[in-house]
Amino acid sequence: MRSALPPLLFLTLACIIPAAGADPESEFPGVQKLMSSEEYRASGLDKLSADERAALNRWLVNYTAAEAPAMLRSNPEVIAAEEAIRIEAHIKQPFDGWSGETLFYLDNGQVWRQRLPGRYLHRGEDTAVVIDKNFFGFYQMTVTSTDKTVGVSRVR
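Residue numbering for the sequence shown follows this note's numbering, starting at 1413 and increasing by one per position.
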């Protein structure tokens, strides 16, 4: 079985490379900060010298900037990893819907903000939600009991 780490690392890199015109290397935090301590040690990267780590970071930036757009559209592992980004949680009470700039506090500790205008009045106790990416790559949150959806962005 192949590790999910390479596609997930690739997706992370693809998301953090800044917009065209910016200097990607000045914005890249480095592979050590992108991984947990356990992932970093398990991958053996802790054995690299500072120069080797810097060379790896430069390679990752260049590879991601040059190859990422094509790989995002064509690599089955990357596509599967992106599709696997699905969060199921409950909004903490009190929850009565959204009204334009609502913050959603989830039972998993995450906080999301409404990013699209709109209003929805929620009635009932069921606050189960699913957060996933829409066709355009933006996050959306759906209240499962009513199938109402709103665009969201993660705060923490």
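Just to be clear, a hint being listed does not mean it is correct.
[Unchecked claim] Taking lysine-lysine pairs in the DSSO-like style, the calculated list, with each CA pair at most 27 Å apart, reads:
id	residue 1	residue 2
1	Lys1459	Lys1504
2	Lys1504	Lys1445
3	Lys1459	Lys1445
4	Lys1560	Lys1545
5	Lys1560	Lys1445
No lab work stands behind these hints: they were computed from the structure. Since the structure is predicted, the reported quantities are computational estimates derived from the model, not experimental observations.
Hint check, failures only: Hints 1, 2 and 5 are the ones this structure does not satisfy, whereas the remaining hints hold.
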